[in-house]
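Protein chains: 2
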Amino acid sequence: MAASRQLGRQHWRQERTARDERIAAARPLADGKVVSAKDAVALLEAVLRPGDRVCLEGDNQKQADCLARALSGCDPARVHDLHMVQSGIVLPEHLDIFEQGIAKRLDYSYSGPQGARIARMLFGGQIALGAVHTYLELFARYFIDLTPNVALIAGVSADREGNLYTGPNTEDTPTVVEATAFKNGVVIAQVNRIVDKVPRVDIPGDRVDFVVEADTPFYVEPLFTRDPAAMTETQILMAMMAIKGIYAEYGITRLNHGIGFGTAAIELLLPTYAEKLGLKQKIATHWALNPHPTLIPAIESGWVSQVHCFGSEVGMDRYIRERPDVFFTGIDGSLRSNRAFCQTAGLYACDLFIGATLQIDLAGHSSTVTASRVAGFGGAPNMGSDPHGRRHPSQTWMKAGHEAAQREGGAGNPALRRGRKLVVQIVETFGDKLSPTFVEKLDALELARKLDLELAPVMIYGDDVTHIVTEEGIANLLLCRDADEREQAIRGVAGYTDVGRGRDRAMVQRLRERKIIRRPEDLGIEPLDADRSLLAARSIKDLVHWSSGLYEPPPRFRNW
Amino acid sequence: MAASRQLGRQHWRQERTARDERIAAARPLADGKVVSAKDAVALLEAVLRPGDRVCLEGDNQKQADCLARALSGCDPARVHDLHMVQSGIVLPEHLDIFEQGIAKRLDYSYSGPQGARIARMLFGGQIALGAVHTYLELFARYFIDLTPNVALIAGVSADREGNLYTGPNTEDTPTVVEATAFKNGVVIAQVNRIVDKVPRVDIPGDRVDFVVEADTPFYVEPLFTRDPAAMTETQILMAMMAIKGIYAEYGITRLNHGIGFGTAAIELLLPTYAEKLGLKQKIATHWALNPHPTLIPAIESGWVSQVHCFGSEVGMDRYIRERPDVFFTGIDGSLRSNRAFCQTAGLYACDLFIGATLQIDLAGHSSTVTASRVAGFGGAPNMGSDPHGRRHPSQTWMKAGHEAAQREGGAGNPALRRGRKLVVQIVETFGDKLSPTFVEKLDALELARKLDLELAPVMIYGDDVTHIVTEEGIANLLLCRDADEREQAIRGVAGYTDVGRGRDRAMVQRLRERKIIRRPEDLGIEPLDADRSLLAARSIKDLVHWSSGLYEPPPRFRNW
Chain C
30 MAASRQLGRQ HWRQERTARD ERIAAARPLA DGKVVSAKDA VALLEAVLRP
80 GDRVCLEGDN QKQADCLARA LSGCDPARVH DLHMVQSGIV LPEHLDIFEQ
130 GIAKRLDYSY SGPQGARIAR MLFGGQIALG AVHTYLELFA RYFIDLTPNV
180 ALIAGVSADR EGNLYTGPNT EDTPTVVEAT AFKNGVVIAQ VNRIVDKVPR
230 VDIPGDRVDF VVEADTPFYV EPLFTRDPAA MTETQILMAM MAIKGIYAEY
280 GITRLNHGIG FGTAAIELLL PTYAEKLGLK QKIATHWALN PHPTLIPAIE
330 SGWVSQVHCF GSEVGMDRYI RERPDVFFTG IDGSLRSNRA FCQTAGLYAC
380 DLFIGATLQI DLAGHSSTVT ASRVAGFGGA PNMGSDPHGR RHPSQTWMKA
430 GHEAAQREGG AGNPALRRGR KLVVQIVETF GDKLSPTFVE KLDALELARK
480 LDLELAPVMI YGDDVTHIVT EEGIANLLLC RDADEREQAI RGVAGYTDVG
530 RGRDRAMVQR LRERKIIRRP EDLGIEPLDA DRSLLAARSI KDLVHWSSGL
580 YEPPPRFRNW
Chain D
30 MAASRQLGRQ HWRQERTARD ERIAAARPLA DGKVVSAKDA VALLEAVLRP
80 GDRVCLEGDN QKQADCLARA LSGCDPARVH DLHMVQSGIV LPEHLDIFEQ
130 GIAKRLDYSY SGPQGARIAR MLFGGQIALG AVHTYLELFA RYFIDLTPNV
180 ALIAGVSADR EGNLYTGPNT EDTPTVVEAT AFKNGVVIAQ VNRIVDKVPR
230 VDIPGDRVDF VVEADTPFYV EPLFTRDPAA MTETQILMAM MAIKGIYAEY
280 GITRLNHGIG FGTAAIELLL PTYAEKLGLK QKIATHWALN PHPTLIPAIE
330 SGWVSQVHCF GSEVGMDRYI RERPDVFFTG IDGSLRSNRA FCQTAGLYAC
380 DLFIGATLQI DLAGHSSTVT ASRVAGFGGA PNMGSDPHGR RHPSQTWMKA
430 GHEAAQREGG AGNPALRRGR KLVVQIVETF GDKLSPTFVE KLDALELARK
480 LDLELAPVMI YGDDVTHIVT EEGIANLLLC RDADEREQAI RGVAGYTDVG
530 RGRDRAMVQR LRERKIIRRP EDLGIEPLDA DRSLLAARSI KDLVHWSSGL
580 YEPPPRFRNW
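In order, the protein sequences belong to chains C and D. Following the numbering used here, the numbering of the first sequence begins with 30 at its first residue and continues without gaps. Following the numbering used here, the numbering of the second sequence begins with 30 at its first residue and continues without gaps.
Wrong hints could be hidden among the right ones.
As the list claims (entries may be wrong) - Below, computed lysine-lysine pairings styled on DSSO-like, alpha-carbon distance capped at 27 Å: (1) C:K470 to D:K309; (2) D:K133 to C:K311; (3) C:K479 to D:K428; (4) D:K428 to D:K544; (5) C:K428 to D:K470.
To be verified - Stretch by stretch, here's where chain C covers chain D in the computed footprint (C-beta under 8 Å, at least three residues): (6) 68-82; (7) 156-166; (8) 353-364; (9) 480-489.
In case anyone wonders, no lab produced these hints; they're calculated from the structure. Just so it is clear, the structure is predicted and the values come from calculations on it, not from any experiment. The beta carbon of each residue, even a glycine, is placed where N, CA and C say it ideally should be.
One chain only, chain C, in its complex shape (with noise of 0.2 Å):
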């Protein structure tokens, strides 16, 4: 039985003892965890297995670009066959490593900058997919099937114990670390410097088991700064009807905002246009979002009680710090973000969230991809979803809700009515090169065409989508009660597109006498008021202005 049990013991422990033989073959690599950024290819050469599952940190923003640096630099005779499970590709080694044979397989969320590359690479065959997730779902799979062998990640410092202060941008780190340290992975950590002590421990030493000092400061992306001046008086339009007409008639308190001009409109509007109409403390209290540089004047304005953020952005972390009471922050006084506590919020707590796309269908689905970008829709498809297993309930839930039951008729029990999650796409007719946002048919469709992919990448399917807002006015779709009904609602909205000019007018004018549309008539807004005047801030220099010289917006923002 001992002997036996002795065999088991082996037997069940294979992940385990081969951790430990790639930390004991890295160890005299290693002054204690400690490794210099000239051996870090060696390191990973040491620590990496062919068909290694393996996350290269790339988050939204914070970048472990030392360590991939170092990965694209290993000898693809000795490190090949990768199966890279990450948020973000947002560095060129992300794909070089692909092209070198040195990875093959990959999974991921989100690709801004990447996109196009990615998409050259699928259709060659460079990269075999495995999916593109949001980024809590990409979590979710780290803890059940995707679980790294190896997660490379980065920080701003760290002890020689390996503790690991992140700085502002914790973002993905704590649950990367979780999901690798406690199954038997390996955590290396690119850090900015080596310190005696952590301003604060974001992750404990002993989940760390080297620590690289990087030779140049991990990347950031400041991703969510618009600047005031480029906003047009479309913008600001969809922003009233926003504020007047959702909103307000939904007394939304809890929400997430996506990242373009139409939603940071609606910031700038709070303390000057939604305060008219005394909105404040009924509206925007309490944020799951990046600390946009645009909600300062909200915030300064006392509009705001709480913002749980993903990440953090360049330029805000000395406001944040001078701003406790708003932020989440540490004993060290800066930002505490959390990517996916804060896409847990967006899901299960907001009663809201709206956002931009760039083409949207007759039936309301949407995306961002374009027939020559895999870009992946990092949170917008969680956060932009009815959750069914919510709850609890909220005066905005409850009438979402009972919108949706009038449009089935009123059919059911009533008393076993749900609440239903407002999501809204604020778009302006045409996009970027006068392209139309409104189209027949996807452009995403003939991308999974294309790539043969078994899912189209939809960012939000239609019947999520609960209301659509451009500058010809706000589609409900909530109410709408049948698929034509829905396709006349959304080409009511849709300008002078094709989708638009298709439109029946009387069913739309019928639909207009419901409310299912409305325009800025309807609602009572002048669209001649809506004029930069409005905007809080009308400039970067503004925002600055407003946070008491706190914001320090990067360079390429400045133009004073």
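Fit chain D to the known structure of chain C by using the hints.
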């Protein structure tokens, strides 16, 4: 400008300042961070303020019971009107504080043992109910509008810096601490002992303000131990049908099980019945599941690749330590559970949720609520819902989605077809005391009326349920074309209940021809074969044997 910014600085640090004052008030009671159990009441009276939002850690299993007693010992003249925000209402003290006037408002997720008393106190107006959430939903709100001011948590040990070791029942602790510590809250941990160095750091010390050395080890509930000796042949028959008619047909690899005997029977049939069907490594490989003792035979037989756990289970510690290839464990060797991540995994990374319920109505709505108990649903509504935000395909999910599309007459563009989560109810037609499982009207509706709840306490709504398994057969609700077919499909497996006897026999026959209803014989299952000899373990002792003596069942399960 400097003066105004100074003013501003104060203005934006009210929470932070209040936090510092609370800690300063308690400091005289502490030696560093350590407070003795006899001073726990004084500690709470020093830290708490009337109206505070407080999380008194009541998890599914682990209880901060020493701190619960201390809170209940506070002077209601000093500590009153608290708003309790915690997932579990388990201990008597969790409700005593409402009777004492210490607490007033409650937002929670689950209460098994206290469900009847909560109901009485709600009727009596002693508790102001916020809402009954799922776990993940309540966690989400911790980051938006239910952020705790004070968290009272439990761990196995702590060092003098406050670094906390939770042991295998990590459960909710990281989530509760993250929401509290990073938003100016105060975190107080009770631990079984103070040590020089913790075996692993589950919570970094800089997030913990005070550590109380408890007078007794914290209470843990064994909740997931199902004695195979109590398993009936009816449950075995249902388990056989589920395996052959659902698991095999959809090729389910990633899954979550409820805690009833039906799913425990499935676990025990994997190495026997399912093995004979040739399903090894084809089904049930990756799990979001607590460490169910009934999973031991499947693990030992090589069926299970990986299990991520919400919490732990009493008696499973040594077994888990010796199976690190299967379970998530820490450097100390013991389980690392995490309810937030496991719930997320159950939502987004699993293709199947299967569980039991007390009542199912004619539309497939189900509830475990009775007219006199408000138990809450824990995680079931979350994991038992179709996540619209999912964007990664799997064979299982796409097949279910294909069936759902057929239901809708194949309407819409096939390229825009999505998958579906399988949500299965496995129930006997009559439950305890021969009360019928199938009813015309859920008791939940009566409770909602009596308590004037905005939302009836439905566990899983009918539109999320895909299959119902009873001893009479499987009803596939995905394939039903309308509400009538759905009702008859449900009646068709409802046996001799009134609902079952009210069936339209001709229609049920047609549904059977269309394979919407399948009897055991339609699946090639002979009910007489459903014998206890099929169970891989027929007693707790068998489970111990399977585990090579590593599983150490609690005394109440030891009868040899």
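Now for the hints, and whether the structure bears them out:
A distance of roughly 43 Å separates the Cα atoms of C:K470 and D:K309; the hinted pair therefore is violated under the 27 Å criterion. For the hint pairing D:K133 with C:K311, the CA-to-CA distance comes to about 24 Å; that is within 27 Å, so the pair holds. Restraint check for C:K479 and D:K428: satisfied, since their Cα atoms lie roughly 22 Å apart, inside the 27 Å limit. Distance hint between D:K428 and D:K544 is fulfilled; the C-alpha atoms sit about 15 Å from each other, no more than 27 Å.
About 25 Å separates the Cα atoms of C:K428 and D:K470, which keeps this hinted pair within 27 Å; it holds. For the segment 68-82 of chain D, the proposed coverage by chain C is not satisfied: 0 residues have a C-beta within less than 8 Å of a C-beta in that chain, short of the threshold of three. Counting residues of the segment 156-166 of chain D whose CB lies closer than 8 Å to any CB of chain C gives 7, so the stated coverage by that chain holds, three being the minimum. By the rule of at least three residues with a Cβ nearer than 8 Å to a Cβ of chain C, the coverage given for the segment 353-364 of chain D holds, with 7 such residues.
Beta-carbon proximity to chain C at under 8 Å applies to 5 residues in the segment 480-489 of chain D; the threshold of 3 is reached and the given coverage holds.
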